[in-house]
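Spelled out, the chains give:
2 protein chains.
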Amino acid sequence: MTKVILIGAGNVAFHLTKQLKQSIHFELVQVYNRSATVFNDALYNDIKTTTSLEDLEEAAIYIIAISDNSIAHLAEKLPQNKLIVHTSGSMPMGIIQGDRSGVFYPLQTFSKAKTVDFSSIPFCLEANTDEDLLLLKKLANEFTTKIYEIDSVQRKSLHVAAVFVNNFTNHLFYQAEALCSQYKVPFEVLLPLITETVNKLAELSPKDAQTGPALRNDTKTMEAHLALLNTKQQKIYTILSQSIQETYGEKL
Amino acid sequence: MTKVILIGAGNVAFHLTKQLKQSIHFELVQVYNRSATVFNDALYNDIKTTTSLEDLEEAAIYIIAISDNSIAHLAEKLPQNKLIVHTSGSMPMGIIQGDRSGVFYPLQTFSKAKTVDFSSIPFCLEANTDEDLLLLKKLANEFTTKIYEIDSVQRKSLHVAAVFVNNFTNHLFYQAEALCSQYKVPFEVLLPLITETVNKLAELSPKDAQTGPALRNDTKTMEAHLALLNTKQQKIYTILSQSIQETYGEKL
Chain A
1 MTKVILIGAG NVAFHLTKQL KQSIHFELVQ VYNRSATVFN DALYNDIKTT TSLEDLEEAA
61 IYIIAISDNS IAHLAEKLPQ NKLIVHTSGS MPMGIIQGDR SGVFYPLQTF SKAKTVDFSS
121 IPFCLEANTD EDLLLLKKLA NEFTTKIYEI DSVQRKSLHV AAVFVNNFTN HLFYQAEALC
181 SQYKVPFEVL LPLITETVNK LAELSPKDAQ TGPALRNDTK TMEAHLALLN TKQQKIYTIL
241 SQSIQETYGE KL
Chain B
1 MTKVILIGAG NVAFHLTKQL KQSIHFELVQ VYNRSATVFN DALYNDIKTT TSLEDLEEAA
61 IYIIAISDNS IAHLAEKLPQ NKLIVHTSGS MPMGIIQGDR SGVFYPLQTF SKAKTVDFSS
121 IPFCLEANTD EDLLLLKKLA NEFTTKIYEI DSVQRKSLHV AAVFVNNFTN HLFYQAEALC
181 SQYKVPFEVL LPLITETVNK LAELSPKDAQ TGPALRNDTK TMEAHLALLN TKQQKIYTIL
241 SQSIQETYGE KL
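Residue numbers (the numbering used here), protein chains in the order written: chain A, 1 to 252; chain B, 1 to 252.
It is possible that part of the hints are untrue.
Since copy identity is lost for identical chains, a pair holds within one copy or between any two.
Capping the alpha-carbon separation at 30 Å, the derived lysine-lysine pairs in DSBU-like fashion look like this [to be verified]:
{"id": "1", "residue 1": "K200", "residue 2": "K235"}
{"id": "2", "residue 1": "K220", "residue 2": "K114"}
{"id": "3", "residue 1": "K235", "residue 2": "K220"}
{"id": "4", "residue 1": "K77", "residue 2": "K138"}
{"id": "5", "residue 1": "K200", "residue 2": "K114"}
{"id": "6", "residue 1": "K146", "residue 2": "K112"}
The set of hints was computed from the structure by calculation and includes no laboratory data.
Next comes chain A alone, as it looks inside the complex (with noise of 0.2 Å):
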């Protein structure tokens, strides 16, 4: 069995720690984090913890899920001829120093609380040699299939995508569900619609799935919806109007 040293216990790492206990190729031998406090949690029960980089054991691969930030810092103290990757979206390869970095990025957003089905979550993976590349995704294939050779740079790009279909997407959610409460309708009204938005996806790429008053130029109702919006409501509904219709100006 390969032995895998785990570094940090967050959200990510909490995870991740949870499904690697599981593994018959990969051995999760230790897993290190600044503070004690959230070893409590059962999960850590009957796994070598630490608080000290000093007695850290031997692995044949580091993964390194902490805080953006602390990455460089953290990967310098540990053994430079062993495999050391971090499972940062943002962070290029190249902030861990040496021949033997890579990155190990689940995308996918992550709460302690709610469980993890690792099998629909794509692993974009990145290392410096064929060799690690191998190794890595080896290591993925006990979590997914779904399994991406992805450059620092497309990993960033990604991540910025992340950000458009994710924090963004749920901020326009937030303030659908503010003008329902303001007007007294509830929030689960709009949910099939929401449901309807992705299932689209399947058949339609957002281009073509595209509809509503900004595509059709329709001045009238945009007009009367804008009449309905708070100031900030209302840059949000300029705004994103706008991008519709240079994006959709050839057409019409």
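Got chain A; can you put chain B on it based on the hints?
Here is chain B on its own, set in the frame of chain A:
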């Protein structure tokens, strides 16, 4: 059986027709449309159709499912002692003159090619009298159990909210796809994240589900993101990030 006549053969009318044909409590006696071409669809083989308002038969309910701008004009030509409803999200009930007007609004995006499962679609109802509202509820029951009494102002707010969660969300998906295509990353990598963004709503309100660099005020990441975007995307990124920060400002 209560007699119903449908005015229109567009996307919404098409699916309403399909469902009403199966009803055992309501009888779809006739479908009217301005032009006959649409009636070539097999759906209309065993239904009486007409392109002349003068040939309209008698019914207890007339459902007008045509473009917003034509509703008022068409309603005038129908028997004023019968229940006349439209299916529009943005038009007030009052656009139909008379004492027996109403609204029968299924909140969903429809396309002819895609089969509709009405049981998951909320119907927003409005009528001038309790009696007519009851009649509309019975009719809506043929489609769904998700029935809501929504007045004209509430429905208008719902219609704007629907633009946020459907049209604008889809445009964010489009921008994410454009980024993926520019950096040669398959868009499918983002689909599980999109699904999870929506699934989270079953457990968390959008306000509580918010994550990301704007919420954390992680200016370093936000600057790196902006550097990857085109002018249009930068505007969207900036407005939505500002709106997130203003929304959670009290907390930060």
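Hint check results:
1. K200 <-> K235: For K200 and K235, the Cα distance is within 30 Å both inside one copy (27 Å) and across copies (26 Å).
2. K220 <-> K114: between (44 Å within a copy, 29 Å between copies)
3. K235 <-> K220: Close inside one copy (18 Å) and across copies (24 Å); limit 30 Å.
4. K77 <-> K138: Intra 25 Å, inter 71 Å, cutoff 30 Å: intra-copy only.
5. K200 <-> K114: Both: 26 Å inside a copy, 10 Å across copies.
6. K146 <-> K112: within (22 Å within a copy, 33 Å between copies)
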